[in-house]
Amino acid sequence: MSQARTSPARTFAAHAILIVYTVIALFPVLVVVMNSFKSRKAIFRSPLSPPTGETFDMIGYETVLSQGNFPLYFQNSVIVTVVALAIVLIFGAMAAFALAEYRFRGNTLMGLYLALGIMIPIRLGTVAILEMMVASGLVNTLTALILVYSAQGLPLAIFILTEFTRQISDDLKNAGRIDGLSEYRIFFQLVLPLLRPPMATVAVFTMIPIWNDLWFPLILAPAESTKTVTLGAQLFLGQFVTNWNAVLAALSLAILPVLVLYLIFSRQLIRGITSGAVK
Amino acid sequence: MATGKSERTPIRWHIAVFLAPAVLIYSAVMIVPLFGTLQLSLFTTIDNEQVFAGIDNFRTLFGDERWSVSFWNALWNNTWFFIIHMLVQNPVGILLAALLSHPRLRFSAFYRTAIFIPTILSFVIVGFTWKLILSPLWGVAPDLLDMVGLKHLFTPWLGKEEYALTTLGLISVWQFVGIPMMLIYAALLSIPDEILEAAECDGITGFSQFWKIQLPLILPAIGIISVLTFVGNFNAFDLIYSAQGALAGPNYSTDILGTFLYRTFFGFQLQTGDPNMGATIASIMFFIILTGVCIYLFAIQTRLRRYQF
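In order, the protein sequences belong to chains A and B. Mapping of the first sequence onto the working numbering: position 14 corresponds to residue 14, and the numbering continues sequentially without gaps. Mapping of the second sequence onto the working numbering: position 276 corresponds to residue 555, and the numbering continues sequentially without gaps.
Calculated from the structure, these hints are not laboratory results. As the structure is a prediction and not an experimental result, all values here were calculated from the model. Be careful, since some hints might not be right.
Mimicking DSSO-like on lysine-lysine, the simulated pairs with C-alpha atoms at most 27 angstroms apart in a straight line are [unchecked claim]:
| no. | chain 1 | residue 1 | chain 2 | residue 2 |
| --- | --- | --- | --- | --- |
| 1 | A | K41 | B | K491 |
| 2 | B | K430 | A | K41 |
| 3 | B | K439 | B | K410 |
| 4 | B | K430 | B | K410 |
Let's have the full structure, built from the sequences with the hints guiding it.
Below is the structure:
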């Protein structure tokens, strides 16, 4: 039956286009990573050839690791991302459960109110957010970033999780109620474990923008002790723009963590998009 | 129903407990500041005191020479940035998704992952990487053009006023093409095989099958992508800031509303920061995005036909 759909010429053309685009997508990343392992001369003389025994050089990485505060920045990024993510997932799932499970006055309205934030970027409130953080003394603390990213991630998390919570069978929850479980225990012991797959999808969607954000660290927490990796890399790159070894090494170091994270979660991400989101 | 309701259903505190943390954080850090910003745009600072100014700030922004030139420049640049995404990113994304969704295609998981990788990188990495690659100092771009005999076409694209914004737009397209690709791919997969098989029985195959059967079915997904592109573009900042700095050079040719807001609010070099004018620009951005979202919700989404499988 698929005979009509697959002709060799067409398959070949499809592969050709996809390969060309894959090269376009990966080429810049490869050039940077490859050249970060080369000596300064080799970077300029033959930027497109991989490092050989002769041109291999780690000087860039040595500079970055000895001069920058990268471990600290990295730690800040991890703290901010993990805590914000935990808040988004737990509080988001709780709110989603309340919206999906109970009928109460203003349910739909509350859902719409929370969904507003999916379309309107939190960045537009920056002026007032900064004033608020200054007033409460939270400027240059990781708490400020965590609060902002939690607020940013909650709308989409609640939206997606509400859809999934609706699909959980009522029998299970009612059985729990007959057994005398409180509503809290029904949520935490019965419903929450079932929400794990959609929560993983939400986690990926929430995590990437938080990890990569430049705007809020720049504005709310630019102090040395609270810089995130993205902001640190940005300043470092600006400073060392003539030290190409260091710049390329710093870029490679900044690419690595997200790449690893993505490769771990990519199956979940794709499954999440295909099963929900657009229908 | 209404009578005696209070006796039958006691206040269900657990609903409030479940909702409270999320609603409180969301309201306090997102909604209240959003309105705070709108409010701030109606005031002006005179001798360190906030004085109500009505729509004077907006009038200044649109009409006063010192502001309006930068503002209209940023708005037009932002519009062009958006047009590039609509003309290049979304069609390319749809094409890739159409190729990937072919049922017999091998290695599709590999292609999908590889093409999506730029999307997860931060703007800082993307901006700098491309700056290095396109830099005339480092011969990557000229060398590549030389290989295909087109070296004479090379010019420092990011450094020339007439090319810089388009180049940045295309870099951003390079980075984000994975998103339309993934969403369209998901939409294409959700089309049941029976429909495609029926089309084949009627002799509709290949390109005409895509145009006549699949494309109409994925229109809602294309609508979502368009509005996401719109919101993302009119809120963009990071890429331009990382590649061209806060001054959005050369000579403000890559200035968009996000960078304009940053300079206005915080000041840069000789310019001093002005929270009220910053709030005014943020409010304009808010209205632009709100208008776009409303057009999508009321004019486009309600007219799109939904198909039930």
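Verification of the supplied hints:
Simply put, A:K41 and B:K491 have alpha-carbon atoms about 56 angstroms apart, too far for the 27 angstroms limit, and the pair is violated. Of the supplied pair hints, the one linking B:K430 and A:K41 holds, its CA atoms being roughly 22 angstroms apart against a limit of 27 angstroms. A hinted pair counts as satisfied when its Cα atoms are at most 27 angstroms apart, and B:K439 with B:K410 qualifies at roughly 13 angstroms. A C-alpha spacing of about 18 angstroms is found between B:K430 and B:K410, which places the hinted pair at or below 27 angstroms, so the restraint holds.
The structure fails to meet hint 1 from the earlier list, while all remaining hints are met.
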